[in-house]
Each structure stands twice: as C-alpha cells, then as structure tokens.
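K.L.:
This is what each chain is made of:
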Amino acid sequence: MTLARTLSAGSNLSRRNFLVASAAAGGGLILGLALPFGRSEAAGSADFTPNAFIRIGSNGEVVLTMPYVEMGQGTYTAIPMLIAEELEMSLAQVRLEHAPPNEKLYANPLLGVQATGNSNAIRGAWKPLREAGATARTMLVAAAAQRWGVDQAACRAQNGEVIHEPTGRRASYGDLAAEASKMPVPESVSLKSPQDFTLIGTPAKRLDATAKVNGTAVYGIDARPAGVKIATLAQSPVFGGRVKSVDDTASTAVKGVQQIVRLDDAVAIVADHMGAAKKGLEALRIEWDDGPNAALGTEQVARQLEEATLKTGAVAQNVGDVEMAMANAATRLKARYEVPFLAHAALEPMNCTVHFRKEECEIWIGSQAVARVQAMAAQALGLPQDKVIVHNHLIGGGFGRRLEADGALRAVEIAKHVDGPVKVVWTREEDIQHDMYRPYWFDRLSAGLDGEGRPVAWSNRFAGSSVIARWLPPGFHDGLDLDSTEGAINLPYDLPNFHVEYVRVEPPGIPTAFWRSVGPSHNVFVTESFIDEMAAAARQDPVAFRRSLLSKSPRAKAVLDLAAEKAGWGEAVPKGRGRGVALQFVFGSYLAMVADVEVSEDGAVRVHRAVCAVDVGTAVNPDTVEAQVQGGVIFGTTAALYGEITLKNGRVEQANFDSYQMIRMNEAPTIEVHVVKSEEPPGGLGEAGTSLIVPAIANAVFAATGRRLRKMPIGTALAKQGN
Amino acid sequence: MAFNIEINGKPHTVDVDADTPLLWVLRDVIGMTGTKFGCGMALCGACTVHIDGVATRSCITSVHSIGESKVTTIEAIGATPAGAAIQKAWLDHQVVQCGYCQSGQIMSAAALLQSNPDPTDADIDNAMSGNICRCGTYVRIREAIKLAAQAGKQGG
Ligand code: FES
Ligand code: FES
Chain A
1 MTLARTLSAG
11 SNLSRRNFLV
21 ASAAAGGGLI
31 LGLALPFGRS
41 EAAGSADFTP
51 NAFIRIGSNG
61 EVVLTMPYVE
71 MGQGTYTAIP
81 MLIAEELEMS
91 LAQVRLEHAP
101 PNEKLYANPL
111 LGVQATGNSN
121 AIRGAWKPLR
131 EAGATARTML
141 VAAAAQRWGV
151 DQAACRAQNG
161 EVIHEPTGRR
171 ASYGDLAAEA
181 SKMPVPESVS
191 LKSPQDFTLI
201 GTPAKRLDAT
211 AKVNGTAVYG
221 IDARPAGVKI
231 ATLAQSPVFG
241 GRVKSVDDTA
251 STAVKGVQQI
261 VRLDDAVAIV
271 ADHMGAAKKG
281 LEALRIEWDD
291 GPNAALGTEQ
301 VARQLEEATL
311 KTGAVAQNVG
321 DVEMAMANAA
331 TRLKARYEVP
341 FLAHAALEPM
351 NCTVHFRKEE
361 CEIWIGSQAV
371 ARVQAMAAQA
381 LGLPQDKVIV
391 HNHLIGGGFG
401 RRLEADGALR
411 AVEIAKHVDG
421 PVKVVWTREE
431 DIQHDMYRPY
441 WFDRLSAGLD
451 GEGRPVAWSN
461 RFAGSSVIAR
471 WLPPGFHDGL
481 DLDSTEGAIN
491 LPYDLPNFHV
501 EYVRVEPPGI
511 PTAFWRSVGP
521 SHNVFVTESF
531 IDEMAAAARQ
541 DPVAFRRSLL
551 SKSPRAKAVL
561 DLAAEKAGWG
571 EAVPKGRGRG
581 VALQFVFGSY
591 LAMVADVEVS
601 EDGAVRVHRA
611 VCAVDVGTAV
621 NPDTVEAQVQ
631 GGVIFGTTAA
641 LYGEITLKNG
651 RVEQANFDSY
661 QMIRMNEAPT
671 IEVHVVKSEE
681 PPGGLGEAGT
691 SLIVPAIANA
701 VFAATGRRLR
711 KMPIGTALAK
721 QGN
Chain B
1001 MAFNIEINGK
1011 PHTVDVDADT
1021 PLLWVLRDVI
1031 GMTGTKFGCG
1041 MALCGACTVH
1051 IDGVATRSCI
1061 TSVHSIGESK
1071 VTTIEAIGAT
1081 PAGAAIQKAW
1091 LDHQVVQCGY
1101 CQSGQIMSAA
1111 ALLQSNPDPT
1121 DADIDNAMSG
1131 NICRCGTYVR
1141 IREAIKLAAQ
1151 AGKQGG
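Sequence lines, in order, name chains A and B. Residue numbering for the first sequence follows our numbering, beginning at 1 and increasing consecutively. Residue numbering for the second sequence follows our numbering, beginning at 1001 and increasing consecutively.
No wet-lab data here; the hints were simulated from the structure. Using N, Cα and C, we set each Cβ at its ideal position, and we do this for glycine too. Incorrect hints may have been included.
Said to hold, decoys possible - For each label pair, taking beta carbons as the anchor points, the in silico distance ranges come out as:
hint, chain 1, residue 1, chain 2, residue 2, range
1, B, Gly1009, A, Gly297, 53 to 59 Å
2, A, Arg95, B, Glu1068, 41 to 47 Å
3, A, Ala154, B, Ala1151, 33 to 39 Å
4, A, Thr252, B, Ala1002, 43 to 49 Å
5, B, Glu1068, A, Lys677, 28 to 34 Å
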C-alpha cells in the first residue's frame, strides 16, 4: 500500500545501525545561527554521541542531526520533537544540523535510501528517533547514578538534567556527557506512553521560522564559497537535442562575462554575477540539432497512452469476479480520464554550486536525496564517493523535484571547465522547460450498479510512466510499483468485485519524476470522480453514497462525517455554486474534503472554501498538520484550475509564471482543517491535501453545473463548451 | 560603470553595467542573499525590496534607476515599525513553510501596513497578489497581516 512496505525489505538497516553507530556529524550549516559554511565544532572526545542523531557536548550543547530535509513541511521541528520528547529536553535547548550523505546512518527505513519523499519522514522517524532519544536518556541517567553511587531507578531525567529525587542532587546533560559516553548502550529502551507526552501532540513553533523571516535562512541558491562565479545556461529546447553551433561574439563582450562553456546539449555562461550571465545568455546565438523528438506534441503522448489502455496490463488488485458482476449489473458506467504533465515550479529555481579540484569535488545544494547526489556525482567524475563532499541546505520547495540529481550533474559538468567554484542557477524559463514532469496518465474505467444503486463491479486500467522504475529500480517488479497504483487500489470502500490494471508506458521525449502527491495526485482524482459518477447514476447524495460503502473503514467514515458536518453539507447553496466531496486513504492517513466552488457565466471557476477533516494518527505537531493541509489545498487548486505542461514540436510551451500560472492571494480559498485526535502511529501528510482537493473541486463543479470534468486542468474547458 | 547606492542606510559602490538589475547587485555583488530570485520578470515577488518605502521588484529595477533613493531589504526591515510588526505576526502565526517566498511576502506586507495601517481583505488581495507562495501559505499570510494591523491599533 505504501512504497514503504516493499522497499524496506531491501534495506539492511538494523536497529544497531541506528543506535550504536557514532557519527562525528560534520558538515552542514547550523540553523538559526546562519553560518552557511560553519562546520560544527569538531566532535570532542568528551562529547556524548550515543547514535548518529544526537551529540551532547561537555559544554552542554545539544546538537541534533536531521536525517530528513526541511523543504517547508516542518520536518526540522517534528523530528526534534520526537527526539526531545524521549530525551526530556525542550525544543529551545537544541541546535540542528543537516545530515551529511551516509546511506548507512541516515537512510529512511521505509525507503531503504537516504531520501525525503513520499510523505514518509515522520513515518520513518517515528520509532527509531524516539528510541535514539530514549537511549541517550537512559545512558545519561546511568552515568548520574554511577557518579552518585545511587540506584538508577531513583533518578529521572527532566528538562536537560538528571535529578536524584531522594537527595535532590542534579547534574546537567553537558556535565554528564563524558561519563555517559562510557556507559554501555542499552539493548532495549522503553518509550514513553502517549499520555506522558509533553511535546508530541502539542502545537510547536517551527525551529526554522526566525531565520526565514529575517533573511538569514540559507538555501542552496545562497551558497557563496569564496571566489564563486555565477553561471546560467541554455539547454536543448527539445529533450534529446544537441548543440549544432554557437556564436558567442556578443556574449563575450558583455561586461562581467568570464567564460562560455559549451556542452554537448547545453551552453553555459559563467560570469561575475547573474545579471551578466543572463545578459550574456540573451546575446548567445545557438543553433540546435533537435534530434528525434523534434516533432513531438502532447496529443501524440495522450494517444499513445490511450491505446495502451486497450491492451492488458499488470494486475494491481483483483477482488471477486468483475466480468460476471458487470454482466449482471442493472446499470453500467464507462468513463475515460486524463491528467496532464505538470512542472514542480518550486519557488527556488534549480541551482547547484560546485568546486571541482581534480582529485576531489565539493558541492553545495538543497537536496531531498543528498546521498544520491554524492553517488551520482562521484560516478560522473570517476572519483571515489568520499572525495565528493556535499553540503546540504534548506530547500525552497521540493515537491519531489529535489529527489533528482540532474541539476547537480549538470553543475558538475560545467564546473569541470571552470577554475574555482561556480554556482549554476537556472532561469525560471529553464526551470520550467527542463523540469522532470509529473507523468501524463490516461485511465479507462467501468462500473456496474445493482437495481438498488449499490456498486457491484469496478474496473480500472490506466497507463503512464513509472517514476519508481527509473528512480529505484528494485521497487518496480511484475509490471507494478506502489507509487503508480497508490490511491487506485486498496480503496476504503466496500467494492465486492474490483479489478485494477496498470500499463507502464514511457513516452519519448519528456522525462518524468515524482511530484507532490505523485501516484495519488492522479489516482485520487480519477477514483473519487468516478465514485461521484456512480453516486449520480444511483441518484444518491455523494456523501450518503460514500458513507454506505464504508462499513469496513470506521476511520474513513469518521473523517467523512466530520468534513460533511463542518462544511454544512446538505445546506442550500446559491445559484452558480456547488459543493463537492472527496475521500482518500493514502500515505497512511485518512482525509475527507468538501470544496465550495462558483462557476461564473464565462466558465471561470473560483474555489471559495475547502473544509478538510484529517486523521493522521498521532499528529506530532498539529500546527504543521494544519499548515500542510492548507498548503496542499493551494497546490492542488493550482493544478486543478491551471496546471498543465504541453509539448509542441518537442518543446515545452510554458516558460514562466505568466504561462504556467499559480494560484495567488486573491484566488486562494479559505481553508478549514479539522484534526481527529488519535493515538495510532502517524501517517504521512505532506502531500495528502494536494491529491484530495482536485476531485473535491471537480465534483463541486459537477454539482454546480452538471458538467463532469474528466480531464485536468479545468482551464477554459467550461468556457469553450458554452457552460 | 560605478554606481553609488544606499542600502539599509549604508553606502555601497558597485561596478556593473547600468542595466544590471538591483537583485543581482544585492545577491551576487554585495552578497546580501536574503532577497530572493524567483522569476526575473516581476511575476512572483520573491525579489521585493523597498525603494523609498515603496515595494519594488528588484529583478526588473536597474541599478542606474536608483540614484539617490534609499533601498531597504529584508535584512533591515525589522528596524521599521511596520516591518517589525509584520515579522512578529509572521512568527506568532507560524506563516512560513519552505520560507523561500517569505522575504518578498514580508516586504510587500510591510509596505502595505506602512501606507495602510488597517487593510481590508481587498487591500490585502491588491497588495499581496504579486507574491506567489508555491507552498500555499496564503491563508496564514492574510491572517498574519490582520494580526499585525490589530496589534498596531492596540499599540496606539
Ligand atoms: S524574481 Fe522578481 S518578481 Fe520574481
Ligand atoms: S513558503 Fe515556500 S514558497 Fe512560500
């Protein structure tokens, strides 16, 4: 159901790796102090480093190494909460460091690699990082007991100190650090029970907030090693094309331009500053050989996928006998759905700084997969991995784009020709036209209802690119991967005869990648729209219809009821407006959403309000849960209303925020988030809001207009066909 | 060509082409990286600074156009009453996510509050719609601006 499950089989991470390994966590910046290249002080011998995540100095400094990256989702607050909860400290007492690349120490146990994606940071950290904190606490308590010659059971840890109750003696963690480091690592530790939590479950202020409001937060694009030059580039406008000829006479004449680097499929201008680099780029005259994809258009891709859904695919899930059930159904429905390519358009454009020094290479980047960057750069340069030093940074929006190493490899290629460090910054146009895109998908569905309108059969066959097959090949087997199918199978509904197939098709001429909510961004739109179609065919209320199918899923029913109640479901809406509902169980969390939309005379859609009920299990930081749903709703609303990357003559037609539009303040709906209290282990949430708002909007448009939207984005669809 | 410009109250001399956007002078020449690059075409607001108190997109503002005007950036906006109020509201209301757009958001919001201590929703839409937040913090930005305005009223 989650990517996690199959992949963890391949991971050899053991509890011992997590708990015993003692890393001198070097490298990386120190948050809050904004020392971009300040290496943490060398780990002294008196430091207490019970594992790869915690270092307590004898000076009392507590440094936590963050195995997962911060790209806005609040990891750098929630992870410290997990550790500090068990370590008995307040968040104000810790400092944070980015983890260096090290698959052994910092791989996500759910993924088997050191990467932050698939909404799995908290799910992966939940147990191991609380254990890391508890281990440290146990050893500190043991050290104090030994020093005082008292029973451990009479000592307890509290607020950065160990206290001996009967005598009132106390010692700070820093004071105990040297002795604690000599204590044996406990074989097992007991974790606090939820009713004793003081941090987990209580809204906490983000630890990265201050640096982000006063301009001191350091992102990859802000790296400035001494003597750094700035480069920008033009890459072949058609994927797979080559540089034929370059006339750089005018470019070299631009003040501040230092060097032109010509690569096989790109040209870079190296300059004193980005202004000169951009001016130099505009003055370049490049002739391209467009190569085999010169004539490619989106329509061609769509037809290729459509045809693929006529063939059989790999069976992702089969329950009962769909064919027989369909034959006996009283009502039958058929539909085709399509979703477009999408760009990430993180607000921080693609960038990477590289200093290549023949025998070694230093890289400054904001990456969701820093070990991947290191490994691929080492391979490209023919260097041993330990000769590639990677400094990770805050990320100005990841959304899956920073799981890829292409930007680092491009910068490495350029840096090989440059003397000294060079920061390669992509223009927004390059960023959008040379993204790796959320795949285009095409779905063919059918369903059958019995005489009472109950669903008796569901069949879905869809075709599109498998990102996993390229990114993590062992995760793709038997024609399937867990991302492509998430949200299309294991639906919360009772569907007695259910059959889903996936046909992997890799369209030529356009690279694909993970995108906020990946598989579910496609599947939840399709399944929740189609369920809505079934409710309409059964002449039932969309909430009541869904509710009647949730006998086996009380958590899904609870969020559906809560969202409906809070949204005032069933109350009348003004003319031209409509209310739509959607429900999902993906990334281990249950969400229900109700969207209120208005469709104007000219077919423009305005989303006024989104009401979301969330059951994420334990909400480690409830404030972040709310923020992530708010953000996900905006991200998904952008996709539903505007999001579309199209190809013409092999070229991406969108270039900047004028042609690839984003929702802005004046279009943002009000968003209400209701979090269900739960002690279940946490589910993932960074992406869940994005996938769910899209069908909620589409279903609301149906309620308002009677028009079923089976192709995203809405764009001008309602205007064209004369709503 | 050399230009003398005043940034956050300090004089700077930079030697660049006259049409060089202020954004790159700040980030690459002087090394003040709090002001961000997002689009280069006045479409996203990440690069917003104040020029004589007016919110301005530095990515399309040439260095020669600045003349004697005073440039204020995110690094110094906390020294103005409106800037300090906005930063405080941003922290109290936990606005930021990735944070990359927030320098620009805060500069736009501070300019709004400076000229209009009690903005309506429509005023906020007007002043803030040039600033994209890809992470989707709009709901909290709106609330934080109102919070800052409220605090201003109570403070006198
Ligand atoms: S970078 Fe100036 S408005 Fe986007
Ligand atoms: S906080 Fe990430 S773009 Fe606004």
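K.L.:
Does each hint hold? Answer for all of them.
P.N.:
So, going through the hints one by one against the coordinates:
1. Against the hinted window of 53 to 59 Å, the Cβ-Cβ separation of glycine 1009 of chain B and glycine 297 of chain A comes to about 55 Å, which satisfies the hint.
2. Take arginine 95 of chain A and glutamate 1068 of chain B: their Cβ atoms lie about 43 Å apart, and the range 41 to 47 Å holds.
3. Between alanine 154 of chain A and alanine 1151 of chain B the CB atoms are about 49 Å apart, so this pair departs from the stated range of 33 to 39 Å.
4. For threonine 252 of chain A paired with alanine 1002 of chain B, a C-beta distance near 22 Å fails the hint of 43 to 49 Å.
5. At about 59 Å, the CB distance of glutamate 1068 of chain B to lysine 677 of chain A disagrees with the hint of 28 to 34 Å.
Figure legend: structure checked against the earlier numbered hints; hints not met, in rising order: 3, 4, 5.
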